[in-house]
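Asks: Given the sequences, and given the hints that come with them, work out the whole structure.
Chains as they are written, first to last, in the numbering used here: chain A, -7 to 796; chain B, -7 to 796.
Among the clues, some could well be false.
Rough simulated footprint, nothing fancy, chain B against chain A, three-plus residues with beta-carbon under 8 Å [unchecked claim]:
id, segment
1, 244 to 251
2, 280 to 289
3, 325 to 333
4, 408 to 415
5, 511 to 523
6, 695 to 702
7, 706 to 713
Don't read these hints as lab results, they were simulated from the structure. Every residue gets a Cβ at the ideal spot worked out from N, C-alpha and C, and that includes glycine.
Number of protein chains: 2
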Amino acid sequence: MSTPLFSGLASSVVDDAALLQQPLLLLPSESNTTAQVAIVGSSVCPIESLDYEVIENDVLKADWRSRAKIQKYQYIFMKWILCFLIGLIVGLLGFFINLAVENIAGMKFVVTSNMMLTGKFMVAFLVFTSSNLGLTLLASLITAFVAPEAAGSGIPEVKAYLNGVDVPAIFSFQTLVVKIVGSICAVSSSLNVGRAGPLVHTGACVAAIVGQGGSKKFRLTWKWLRDFRNDWDMRDLVTCGSAAGIAAAFHAPVGGVLFALEEMASWWRRTLLCEAFFTTAVVAIALRALIDVCLRGKCGLFGKGGLIMYDVTSANISYHIRDVPPVLLLAVLGGILGSIYNLLLNKVLQIYCSINKKGAFRIILACSISVITSCLLFGLPWTTSCHACPSNASEPCPTIGRSGNYKKFHCPHGYYNDLASLFFNTSDDAIRNLFSKNTDTEFHISSMLIFFAACFFLSIFSYGISAPAGLFVPVIVTGAAYGRIIAMLVGSNSNLNAGLFAVLGSASLLGGSMRITVSLCAIILELTNNLLLLPLIMLVLFISKAVGDAINGNIYDIIMTLKGLPYLKAHAEPYMRQLTVGDVVRSPLHIFHGFEKVGKVVNVLKTTQHNGFPVVDNPPFSASPVLFGLVLRAHLLILLKSKTFLRTPAPAGPYAIRRFSDDDFAKWGLGHDDNIEDIELSEEEMDMYVDLHPFTNTSPYTVVETMSLAKALKLFREVGLRHLLVIPKFSGCTFEHNVTHHANSSVAPLLNRNFVEMLCLAHAENSSCGYTDATRLHARTHTEFASNVGTDQAEKAEILSSLN
Amino acid sequence: MSTPLFSGLASSVVDDAALLQQPLLLLPSESNTTAQVAIVGSSVCPIESLDYEVIENDVLKADWRSRAKIQKYQYIFMKWILCFLIGLIVGLLGFFINLAVENIAGMKFVVTSNMMLTGKFMVAFLVFTSSNLGLTLLASLITAFVAPEAAGSGIPEVKAYLNGVDVPAIFSFQTLVVKIVGSICAVSSSLNVGRAGPLVHTGACVAAIVGQGGSKKFRLTWKWLRDFRNDWDMRDLVTCGSAAGIAAAFHAPVGGVLFALEEMASWWRRTLLCEAFFTTAVVAIALRALIDVCLRGKCGLFGKGGLIMYDVTSANISYHIRDVPPVLLLAVLGGILGSIYNLLLNKVLQIYCSINKKGAFRIILACSISVITSCLLFGLPWTTSCHACPSNASEPCPTIGRSGNYKKFHCPHGYYNDLASLFFNTSDDAIRNLFSKNTDTEFHISSMLIFFAACFFLSIFSYGISAPAGLFVPVIVTGAAYGRIIAMLVGSNSNLNAGLFAVLGSASLLGGSMRITVSLCAIILELTNNLLLLPLIMLVLFISKAVGDAINGNIYDIIMTLKGLPYLKAHAEPYMRQLTVGDVVRSPLHIFHGFEKVGKVVNVLKTTQHNGFPVVDNPPFSASPVLFGLVLRAHLLILLKSKTFLRTPAPAGPYAIRRFSDDDFAKWGLGHDDNIEDIELSEEEMDMYVDLHPFTNTSPYTVVETMSLAKALKLFREVGLRHLLVIPKFSGCTFEHNVTHHANSSVAPLLNRNFVEMLCLAHAENSSCGYTDATRLHARTHTEFASNVGTDQAEKAEILSSLN
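Replies: Next comes the structure, spelled out in structure tokens:
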């Protein structure tokens, strides 16, 4: 008879039937139905957690306890070398992507513009549409069939990874290639998508691949990178990689570090700050060196590049207190618009989710969006009238060729089409035009309204398609248009020029949608090279974030929820304060003995999905039952694979330990773990014993059973745990070592199943002490808190089918 | 007979005599001999730790578990209001300090310059020296006799506070006032000290005082700030305050946030990032508004202010790969110079330490430094020859009056003295002159060498005096001179102008001395408003930091060590991996029973200095011994003060709990805790009982005794703990409740005594199980690991006397 007990105060013990019906305890939708193709693909895969705990067992002790000094220096040296490599590669990739996009898109615009000059409008339209369609089709095909994980921006996945979620396949080599090629195609095809998000994913991917010393699949592995094949070093490198991604996308090294810190990373240390900073410095220097090449005119249509992307400087910009009210208005409205953006994107992604499940449909979806975009970009400029060129224009008017403020489009000579200057251009050029100073009268209010509406909706409908797609640039463009509209409405009530309003508009929409402040501030400063704007930008970002937060969540969190990624938040929900850890553990707990039968180990591993098992020594091997520690599934698999079995339950001795090297315990790649099904054992072997002691982590983290869930969550999050042993407070109780359904265990449903595990050691029935009402607890335990794993699967399938 | 056991592997059990003689286990010098007057004063005070653990007991449960939603919103609202207030006050104070310094120092220079124009050199020298002496004397007197804690920069103390060290009196109202007035006097008196460090301390002080809702001493307290009277909210506010300090000192809001993040804070969350950012945004906006006032010419000699302090822009600055080698040279040498600076400062502070112990001597020291400084500043310019004014000078030459590049000093008309332009000026003007472009030929190599040497040594000798003194500005000035020297040596081998080299020189010396990278980068960018410098500055900072790190430690860490502040580092020392927590705990452990005699509680509190005590329930109150939790000294004192005593050992009942409100548990001020000596109890009361259950934290953090010290340190640091219960792994053992020297306990000497406590629950002798060799452990335990508290005091006194 199993009689788990816990010593929670009686008041917190409620009827278990009622508890099960409480909405608080309802499992959040855990099925892995992702809004985009990125995660799902065809099969639903259970998401596992990463483990940042230091494992202290005999086999690994050599590594952790007595690493030689030279090894330590080698490790530090290698880490910096890896950061350098990541920075260099990401810098080169970022430059290459920019170069490719500018040349492909530029070529397209030059060809169509030339056709339009000769009046062949229809041909131009067909060329424009078909080239866009071709590029989108290519991006969509490779994404759908080679690496579905490369769809979308990738920021939510990387963010989840850095939180300890082992998102499968996001860092594979295929994903990297598809992300780069797909991103170039998608952006060049005039879709309203950005390349910053994909670059962050690219950076993280590069970091993960470099850190692994190659790819296991392609047998490209280097032995001297062994030290980095573990979750925590990989986490550091991926953080640096994502910082490098933003740095390369916006030429913003400080912004990149801050973005990684503010938005991406869940754990952060001072050393990591330095490493990330070093990585982005390498990116900045690499870009600087490449720009020297472009300055010599060798970059084709890319032009001269330059570190500063949008120069809005007028060195003596000034603003006063009376400029604050319009800016406040802009910030508040921007926050509201940003949260509406998040809301609509969420809805659209939910619809896309079902479409993207079917292979062919997602290609059709991508193509339709491309055709609609092409039609709008080409068609909308016809709705506006031509404007006469200003006599004092700072550049040639009308512009013939690729970029420029005054696009001729269909207008007669001496006239320009203001909408075409924005639509019939790359996003970068559109932003540059909107941010430019002394162009207050260039754009007309009706054109700006059309442009704003088109950008707003196109970016919402473009994000979810099966192709790499960022959110940053579309939001910046949309925000710039919004800022210009506000500038026109405010008119002469403010000294600020319209270009400045465009910058502030972008800031407000970014703040309202992405809810990041410090890093956005740094990024915008590095984009615009104007530090005098700082107080205004800070004001805008802060207010729009506050307004947005009052309405709904951060866009990346929304996407993560849609993707079913179990993100462990830093703050506890209020209900977590009401529950103790004893309340949320589920049965059955599987305990191994120090010397265990191979058959039992195999059986338990096959029938459960738990990843950690307490190891208890019982008489006659100890005077009384002793919790020896916690053994991980991964280590059990290594042990079983090596077939280091014993005929009798006795210590295996040092020779058995020496059979294993650190290399055996190194984590190989991501999501390529061993599987119990792959290990074949004979009947005879199943009857033998294993000595689990050398493989058991002798110092697992433990909490007492009366700790509130909120406090335990803090421990999980701050220390980066995967397993937490819940131990009884009683010292005068013995483990009943022959009780079969001994326990009360495993996997806290409220902290996301599989993601973190809480293991509770229970007591035998003779222990009724403390403040506990033993009778009531009896009743409670018998109604099992949650079903076993078999049922879990069924439940999961049920939830899945109900959602589809 | 006490027989503590632990189940570590036999191999890790070494002979205890040998263990005691191991250098690893030698206590670091724990006496609180501080290098400066800041902490010490006359009496040596034991430094306690702050506690960030969530206390889950019956009395506080109401607060933590079931706070109403309206209270939550009130809390959030109040927190932002407090951030706003901190930003506003720090912005105003920063502006006021700048204004005061510029006007006082400016007036001094105008008067002396006018005298020199009429040839009265001797009078000018006397006026200069005596005004400097007077200002220094004032700063020194108030620092020495009103608030010795205000000496020095304050950054190390605030950094230690944010690490969880309860540094006494650093945030009192007197300290704030002395810091502000003293900083103005010290900087105006031409001492080579900065005002950035003091401003950080001022910011932190403002935050602490605002957060407390006033000062308990002056009875200025607001009831609605109750929520913030705890260690973790105070920590957040102080972090924001220190960010605001840097933001106000350098007009660098992003730099301020990054500085707080990189250098100051030990714990950091995303919400805190937003709050700090908001605070610095308020500072930036407040400064912007005040500059509008100055633009109207109402700030006296302060001039027009401006957000950008040193404008080195030349919009089309360019540099190429071939400029990199000289920059690398500069960075490496800067790193070496920076670490020499740290080394010398350390030596000088050690010497000053003994001088500063005696009241009168420290005043004499400060005055001597002031006189020497005045003599050097006035005398050294005479050693250089006068130079003819360049014909194409961008400003009037020679300059008459306050600032300017071409000081006339003693030269005839049409000539200028380049050393006087640097020495006979405020630090700000000197930096501006050195950073300015197109002045490559203005300064001569001999002048620069003299200036560099004078600044280098003056800043080292000025820091330790009894007055508020920052390190930032002196290092920037020295570094700028160093950069100019390198520029002259490199000559035409580089395209970069000398002003740019000065900026890079400052960066390299800052990087080499303070070892901060990202935040310095942001600060320098915000100081100079030139983003194109970014890659170069990043390169320099990174290399100089790496070079410096290879030689010695960060300047703030050095000062913290000198002050005896027990900073808990994030990384474990190698020896910590060799020890288990069971190895480092010391006896005796004092355990309370759930119902305890008042007399015993009082006795234990009086005879020990421990701050946490395990509470164990024994039969007949429970069937078997149960660890109920951990009770804090502070809560025991509250209980004793309230005299809620019982005649018999029985539950106190809810009426007893209701006698206490959250207010009783709120932390009042800093370092103003109750003392057991202040509580007077009658004989009769001493014989009564207290029910400790409602006051006991039922969910203390626990670790198993075999955990390595390194892993436990991680827990301490990440979760912000003060107490950690070390528990046995054995479940079949009973607490011997009648064993008097039961234990094996308290205060891990290696993690700094008093600072964090590890409490180990031991076993009775009948439990010998697991892998442990019981006999050897017996022997070990009898040789007591460390002496009791009485001996600690004697030991401490001994160490102290040996140091003096």
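Asks: Compare the structure with the hints numbered earlier in the document and write down the numbers of the violated ones, lowest to highest.
Replies: Of the numbered hints, 3 and 4 do not hold.
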